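Novice: Protein chains in written order, with numbering that gives the first Met the number 0: chain A, 0 to 136; chain B, 0 to 147; chain C, 0 to 293.
Just so you know, these hints were derived from the structure itself, not from any lab. Predicted, not measured: the structure shown is a model, and the values here were computed from it. Watch out, some of these pointers could steer you wrong.
[Said to hold, decoys possible] Partial pick of chain B residues on the chain A-facing surface, computed with a CB cut under 7 angstroms:
no., residue
1, S20
2, L37
3, V44
4, D96
5, L106
6, G110
7, R113
8, D116
[Stated by the list, open to error] Each computed EDC-like pair below joins lysine to aspartate or glutamate, with the alpha-carbon atoms no more than 20 angstroms apart:
no., chain 1, residue 1, chain 2, residue 2
9, C, K230, B, D16
10, C, K52, C, D32
11, C, K52, C, E112
12, C, K230, B, D121
13, C, K52, C, E80
14, C, K52, C, E24
[Claimed, not checked] So, partial list: chain A residues that the calculated Cβ filter (under 10 angstroms) puts toward chain C:
no., residue
15, V98
16, E114
17, L117
Backbone N, C-alpha and C fix where the C-beta goes; we use that ideal spot for every residue, glycine too.
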Amino acid sequence: MTASIPDRATAVPVLALGQTLLVSVQGELYDTLAEQLQHDITLRVADSEVSGVIIDISGVEIVDSYLGRVLAEIAAGARLMAARTVLAGMRPDVAITLVELGLTLPGLITALDVECALELLARPSAPNGSGLPERAA
Amino acid sequence: MAARDPAMTIRVPIRSDADLSWVRQQVRRRAAELAFGLVQQTKLVTAASELARNTLVYGGGGHMEITSLGHGGTDGLCLSFVDDGPGIRDVRLAMTDGYTTGDGLGLGLSGARRLVDEFTIDTEPGRGTAVTVITWAADLPVAERAVR
Amino acid sequence: MQLSEQETVASSARALTGFLTRRREQIAQRWADVPLFRSVFTVSRDEAVEACKSVVDALAVVASTGRLEDIEAPGFDTVREQLGSMSGSRSRIGLSPARIAEEVAALRPSVAELLRAEFPDPAATEATEGLLDLTILMGTLRLVTMQTALSAGEELIARQRQQLHEVATPVINLWEGIVAVPLIGTLDSARSQVVMESLLQSIVTQRARYVILDITGVPTVDSLVAQHLMKTVAAARLMGADCVVSGIRPATAQTIVQLGIDLGSVLTRASLADALAYALRHQDIDVSARASLR
Chain A
0 MTASIPDRAT AVPVLALGQT LLVSVQGELY DTLAEQLQHD ITLRVADSEV SGVIIDISGV
60 EIVDSYLGRV LAEIAAGARL MAARTVLAGM RPDVAITLVE LGLTLPGLIT ALDVECALEL
120 LARPSAPNGS GLPERAA
Chain B
0 MAARDPAMTI RVPIRSDADL SWVRQQVRRR AAELAFGLVQ QTKLVTAASE LARNTLVYGG
60 GGHMEITSLG HGGTDGLCLS FVDDGPGIRD VRLAMTDGYT TGDGLGLGLS GARRLVDEFT
120 IDTEPGRGTA VTVITWAADL PVAERAVR
Chain C
0 MQLSEQETVA SSARALTGFL TRRREQIAQR WADVPLFRSV FTVSRDEAVE ACKSVVDALA
60 VVASTGRLED IEAPGFDTVR EQLGSMSGSR SRIGLSPARI AEEVAALRPS VAELLRAEFP
120 DPAATEATEG LLDLTILMGT LRLVTMQTAL SAGEELIARQ RQQLHEVATP VINLWEGIVA
180 VPLIGTLDSA RSQVVMESLL QSIVTQRARY VILDITGVPT VDSLVAQHLM KTVAAARLMG
240 ADCVVSGIRP ATAQTIVQLG IDLGSVLTRA SLADALAYAL RHQDIDVSAR ASLR
């Protein structure tokens, strides 16, 4: 017996807010969905005047090394097209687990929630948004 | 010795991407039932996700066995990930951070080990791989429990 | 084999079972006045008598199975919880498990007296066998009580250790969006785990953008402590907060350099005040004396 992927219903919606893309990931993110998302975001960033991408993961219960890599790749891809990616809303238990796993996502800009992320993107100067010099990726 | 209740063992197949998600849900549910703290739950589910993906990607599929343990009043959860794949030639190398034969980050085995209390790996080239992990429900972190 | 063993215990143990069942009321009445029961069941004497009866019943059950020396005998299960709460209330007033065990031992003479009265000839074999069985059974009860007392003590220690961890690591809200954790004492794995969890939780509740870890009160910074600090910094950053480690004293700085510890990208400041100033400046907050006070 093999579980089947419920399609469409769980696809991740990508919202455009001015020059910012807002992606809200909720619940289980299947590997294939994550890849699909990576593809979608890259296309949207290339297509338009997007200067920032916010990935809201407040609804994500776990981030493993696979999803961590996808998130890092989304950010790296967007950066190549001059858009900044902010990872917003990571839960405390997820953060502890990622650090223990050895995945500190050094290249990613992070924010407490979507509101903070929007604020961050509104400030043009700070490369890491959080005020510190960008760490070696 | 940890007492195993065979009636509490269930087997979850790992054959596809969607099965990985099913593995995560099963582990989360069982960990919550045993009143694991949220951080402990998330660590165990993440470890399970890493190991199940290894079973799928490197072992060519297999299954997970999930067993509740009782041990002197402390509840625990034992997860075994079993495949009939090619096995691992150099376990020590495979356990090194950043080492991978695939295109992953090489954090699967080494990272999962840091997320659980007990970790054993049983493998031989050509004979498949079985990784067994145990986490004990406790209000105290691992280092403290050794004192008790 | 099994059968003959059962047969031999049966005669004397069965007699003991009969005695315990018959004299249940008298035994309970005598026990109800000893400190062990009286101090626990303070509401009424009847309550204490009832508690004594349940212990007598449990002993009768154990005797009937012939497992006089077995602390795992099923008969004890019914009173284990009661014995636990009794020994718990005795240990709360400062009695050691050994002292509690002595109190249990003190239950024996009154029962022995009743048992001796059962036999017209105290030198008869039945009498000595019966008393021996009773002694063994009461010894087992003592062990069971001691066991519950010890495990209750262990639980208490574990709980207190957890409380100590929480108390010892307060998270202070310094300014809007700035929280600080003054770390005092040794930073072992367990401590740092608690620090990390409560700190990350406070980032959420205080909506903190800056976190200051002050290690002025940490006596030694070795590579393990440094690793804990870096993990905490990394986890806070994943949640969108920036960490500053402050309170690195000259001696500590020297050790860090001598040990060759790489604090990597961790931002450090000499004092908590410097760290706060840094966080304020980066939030575009200017703190200055009022003009009239200059």
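Novice: Hey, K52(C) versus E80(C), does the alpha-carbon distance stay inside 20 angstroms?
Specialist: Status holds; Cα separation ~15 angstroms.
Novice: Taken at face value, is the distance from the CA of D121(B) to the CA of K230(C) at most 20 angstroms?
Specialist: 30 angstroms, violated
Novice: Holds or violated: is there a CB of chain A closer than 7 angstroms to the CB of L37(B)?
Specialist: Hint on L37(B): holds, closest Cβ of chain A at ~5 angstroms, below 7 angstroms.
Novice: So, D116(B) near chain A? Judge it on the closest CB pair being under 7 angstroms.
Specialist: 12 angstroms, violated
Novice: Would the hint on S20(B) stand, with a C-beta cut-off of 7 angstroms toward chain A?
Specialist: 5 angstroms, holds
Novice: Is it true that the CA of K230(C) sits at most 20 angstroms from the CA of D16(B)?
Specialist: 31 angstroms, violated
Novice: Given V98(A) as an interface hint, is its Cβ closer than 10 angstroms to any Cβ of chain C?
Specialist: Constraint on V98(A) satisfied, holds at 5 angstroms.
Novice: Holds or violated: is the Cβ of E114(A) closer than 10 angstroms to a Cβ in chain C?
Specialist: 9 angstroms, holds
Novice: Can we keep the G110(B) interface hint, with Cβ of chain A closer than 7 angstroms?
Specialist: Status holds, d = 4 angstroms.
Novice: Using Cβ atoms only, decide whether L106(B) comes closer than 7 angstroms to chain A, and label the hint accordingly.
Specialist: 4 angstroms, holds
Novice: Does the alpha-carbon distance linking K52(C) and E24(C) stay inside the 20 angstroms limit?
Specialist: Satisfied, since the Cα-Cα distance of roughly 7 angstroms is no more than 20 angstroms.
Novice: Does the CB of D96(B) sit less than 7 angstroms away from some CB of chain A?
Specialist: Because about 6 angstroms separates D96(B) from the closest Cβ in chain A, which is inside the 7 angstroms limit, the hint holds.
Comparing the model with each numbered hint stated earlier shows that hints 8, 9, 12, 17 do not hold.
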